[in-house]
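Q: Knowing the structure of chain A, use the given hints to seat chain B on it.
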Amino acid sequence: MPTSNPNTVIDDLDEAIIAEFQYDGRQSNREVARKLNVSEGAVRQRLKRLQEKRIVAFNLLIDTASSGNHFGAIFRVNVAPNQMERLLKSAEKIDEITYLVECAGRYNVAGFISTRDQRSALKLIDQHFLTAKGVNSVDVIQLAQQIKHNFLETVIAEERSHSESESSL
Amino acid sequence: MRENKIMRVALRKDFHAAGYDFQTTVDITASGRSVHSVAEELAALDAVKAVMIVMRKPEIIITINTKDRQELAHIISDHISTIRGVAEIETHAVLRIRKSRVRYANLKSKYGD
Chain A
1 MPTSNPNTVI
11 DDLDEAIIAE
21 FQYDGRQSNR
31 EVARKLNVSE
41 GAVRQRLKRL
51 QEKRIVAFNL
61 LIDTASSGNH
71 FGAIFRVNVA
81 PNQMERLLKS
91 AEKIDEITYL
101 VECAGRYNVA
111 GFISTRDQRS
121 ALKLIDQHFL
131 TAKGVNSVDV
141 IQLAQQIKHN
151 FLETVIAEER
161 SHSESESSL
Chain B
170 MRENKIMRVA
180 LRKDFHAAGY
190 DFQTTVDITA
200 SGRSVHSVAE
210 ELAALDAVKA
220 VMIVMRKPEI
230 IITINTKDRQ
240 ELAHIISDHI
250 STIRGVAEIE
260 THAVLRIRKS
270 RVRYANLKSK
280 YGD
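Sequence order for the protein chains is A and B.
Under my numbering, the first sequence has 86 at position 86, and the numbering climbs by one with no breaks.
Under my numbering, the second sequence has 206 at position 37, and the numbering climbs by one with no breaks.
The following block holds chain B by itself, in its conformation from the complex:
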């Protein structure tokens, strides 16, 4: 099951111990380029921890972890906004993480950690 990437035992590291203090969700509307291509380019950014394609507009929802607001501003302004096909961005600040139980994951993703 491990070789077929059905199960995996992994050691998780605490969000704050990993150096993060900010988590932000960003809704992204794609235009002029395939949604999948935009999503793949977003996934290549290290600070972008989750990328989901959803069944409505905005089509892409991502989660960014950063150590502070400056880093967040840098990621959004200098990286995400400059990706070809990113037409609109709406950010939502996470104030408090109440639960984060990881039981399932896309273990076959090429971005699987």
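Only chain A is shown next, with the shape it has when bound in the complex:
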């Protein structure tokens, strides 16, 4: 799996810059520089390096309840090992699937789907999982309430690789 370069060293100033922009991503480099008592150029250069190294990425987040997406569910799939990669590659392309993992245990693929309504979600699950070759079982677990969701620490590196592969098609 592509990942950020483990040899990239993040120092205390990098961490402080990240913390500021995690708090408010709309701050200007100048504002952050003022708060941290460093030059604007230092903030700009460090932020650029961190983005190029895939250590950080800016994101626009929309409140789920306000988004119009009223249905969310975890799905868990048990698929034959020799069909798993094909299933994953297909699932990666679905916009409504926001989280997708390979796992160990009773199921080997899991993820999260977010759609306008239950019908849309079940249609996608039927098209891409229930009728897919090698799928032994599918479990769909509807979300009742999201109490906590850390959206500030996620895998970033795979997004660049995914979008690069999309643009090359």
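The reader is advised that the hints may include incorrect statements.
Here are the simulated SDA-like pairs of lysine to any residue, each with C-alpha atoms no more than 25 Å apart in a straight line [said to hold, decoys possible]: (1) Lys226/B <-> Ser120/A; (2) Lys277/B <-> Ile141/A; (3) Lys123/A <-> Glu96/A; (4) Lys277/B <-> Glu209/B; (5) Lys48/A <-> Arg177/B; (6) Lys53/A <-> Arg265/B; (7) Lys53/A <-> Arg272/B; (8) Lys48/A <-> Leu36/A; (9) Lys226/B <-> Asn78/A; (10) Lys123/A <-> Asp139/A; (11) Lys93/A <-> Arg270/B; (12) Lys226/B <-> Gly105/A; (13) Lys53/A <-> Gly201/B; (14) Lys53/A <-> Leu264/B; (15) Lys277/B <-> Ile62/A; (16) Lys226/B <-> Thr98/A; (17) Lys236/B <-> Ala57/A; (18) Lys48/A <-> Met176/B; (19) Lys174/B <-> Leu60/A; (20) Lys89/A <-> Ala262/B; (21) Lys236/B <-> Arg119/A; (22) Lys236/B <-> Asp215/B; (23) Lys236/B <-> Ala104/A; (24) Lys53/A <-> Val178/B; (25) Lys236/B <-> Glu20/A; (26) Lys133/A <-> Ile266/B; (27) Lys236/B <-> Ala16/A; (28) Lys277/B <-> Gln22/A; (29) Lys35/A <-> Asp63/A; (30) Lys226/B <-> Gly201/B; (31) Lys93/A <-> Val140/A; (32) Lys48/A <-> Gly25/A; (33) Lys226/B <-> Ile252/B; (34) Lys174/B <-> Gln145/A; (35) Lys89/A <-> Thr193/B; (36) Lys236/B <-> Gln51/A.
Everything labelled a hint here was simulated from the structure, so no lab data went into it.
Only a predicted model underlies this, so the values are computations on that prediction, with no experimental measurement involved.
A: Frame of chain A, contents of chain B only:
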């Protein structure tokens, strides 16, 4: 929209750059206490990054990020297992994160980062 917590621009940090190597999903069955109370106590743990109440048993699904197995064992044995109302635990190791596109989030949660 920002003040009403409908939209937010945030800087995300890469999972591995943040010092994590392990992600684990844990299904938790609650008993003898309200599901919501158990979920709130789980959410207060720093290593627990996501807490969802779902519409079936086990009622709570959480995601834990840790730097290694030792830390994971510590979180589960010494923190999660000791929460009043946690009756059963089933863990599922994430082997590889294939996609993690954050577009929507509960921005009104008191645990919103």
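Q: Next step is simple, just say for each hint if it's right about the structure.
A: A quick look at each hint next to the structure:
1. Pair hint Lys226/B plus Ser120/A holds up; C-alpha atoms about 24 Å apart against a cutoff of 25 Å.
2. Proximity of Lys277/B to Ile141/A is assessed by CA-CA distance (about 23 Å); at most 25 Å being required, the pair is judged to hold.
3. Note on Lys123/A and Glu96/A: the hinted pairing holds, with a Cα-Cα distance of about 12 Å set against a maximum of 25 Å.
4. Between Lys277/B and Glu209/B, the direct Cα distance comes to roughly 15 Å. Compliance with the 25 Å bound is thereby established for this hinted pair.
5. Proximity of Lys48/A to Arg177/B is assessed by CA-CA distance (about 21 Å); at most 25 Å being required, the pair is judged to hold.
6. Proposed proximity of Lys53/A and Arg265/B is supported: the alpha carbons are some 20 Å apart, at most 25 Å.
7. For the proposed pair Lys53/A and Arg272/B, the alpha carbon gap of about 21 Å is at most 25 Å, so the pair holds.
8. A C-alpha spacing of about 17 Å is found between Lys48/A and Leu36/A, which places the hinted pair at or below 25 Å, so the restraint holds.
9. For the hint linking Lys226/B to Asn78/A, the alpha-carbon distance of about 19 Å falls within 25 Å, and the restraint holds.
10. Of the supplied pair hints, the one linking Lys123/A and Asp139/A holds, its CA atoms being roughly 14 Å apart against a limit of 25 Å.
11. With a CA separation close to 11 Å, the supplied pair Lys93/A and Arg270/B stays within the 25 Å bound.
12. Distance restraint check for Lys226/B and Gly105/A: the Cα-Cα separation of roughly 18 Å lies within the 25 Å cut-off, and the hinted pair is therefore satisfied.
13. With a CA separation close to 48 Å, the supplied pair Lys53/A and Gly201/B exceeds the 25 Å bound.
14. About 23 Å separates the Cα atoms of Lys53/A and Leu264/B, which keeps this hinted pair within 25 Å; it holds.
15. Restraint check: the Cα-Cα separation between Lys277/B and Ile62/A comes to about 11 Å, which is no more than 25 Å; the hinted pair holds.
16. About 23 Å separates the Cα atoms of Lys226/B and Thr98/A, which keeps this hinted pair within 25 Å; it holds.
17. For a cut-off of 25 Å, the pair hint linking Lys236/B to Ala57/A stands: about 21 Å separates their Cα positions.
18. Note on Lys48/A and Met176/B: the hinted pairing holds, with a Cα-Cα distance of about 24 Å set against a maximum of 25 Å.
19. Distance check on the hinted pair: Lys174/B and Leu60/A sit about 12 Å apart at the alpha-carbon level, within 25 Å; holds.
20. With a C-alpha separation of about 20 Å, the suggested pair Lys89/A and Ala262/B falls inside the 25 Å cut-off, and the hint holds.
21. Restraint check for Lys236/B and Arg119/A: the C-alpha separation of about 39 Å exceeds 25 Å, so the hint is violated.
22. At most 25 Å may separate the alpha-carbon atoms for a hinted pair to count; Lys236/B and Asp215/B meet this at roughly 13 Å.
23. Of the pairs offered as hints, the one joining Lys236/B and Ala104/A holds, with about 18 Å between alpha carbons and a cut-off of 25 Å not exceeded.
24. Taking the CA atoms of Lys53/A and Val178/B, the gap is near 20 Å; set against the 25 Å cutoff, the hint holds.
25. Pair hint Lys236/B plus Glu20/A holds up; C-alpha atoms about 23 Å apart against a cutoff of 25 Å.
26. Using a Cα cut-off of 25 Å, the hinted pair Lys133/A and Ile266/B holds, with the two alpha carbons roughly 22 Å apart.
27. At most 25 Å may separate the alpha-carbon atoms for a hinted pair to count; Lys236/B and Ala16/A meet this at roughly 21 Å.
28. Proximity of Lys277/B to Gln22/A is assessed by CA-CA distance (about 16 Å); at most 25 Å being required, the pair is judged to hold.
29. Distance check on the hinted pair: Lys35/A and Asp63/A sit about 28 Å apart at the alpha-carbon level, beyond 25 Å; violated.
30. Between Lys226/B and Gly201/B the CA atoms are separated by roughly 14 Å; this keeps the pair inside 25 Å, and the hint holds.
31. Restraint check for Lys93/A and Val140/A: the C-alpha separation of about 19 Å stays at or below 25 Å, so the hint holds.
32. Between the alpha carbons of Lys48/A and Gly25/A the distance comes to roughly 14 Å, so the proposed pair stays at or under 25 Å and holds.
33. At most 25 Å may separate the alpha-carbon atoms for a hinted pair to count; Lys226/B and Ile252/B meet this at roughly 18 Å.
34. Of the supplied pair hints, the one linking Lys174/B and Gln145/A holds, its CA atoms being roughly 17 Å apart against a limit of 25 Å.
35. Distance check on the hinted pair: Lys89/A and Thr193/B sit about 22 Å apart at the alpha-carbon level, within 25 Å; holds.
36. Straight-line distance between C-alpha atoms of Lys236/B and Gln51/A comes to about 22 Å, which keeps the hinted pair within the 25 Å bound.
In terms of the numbered hints stated before, the structure departs from hints 13, 21, 29, listed from lowest to highest.
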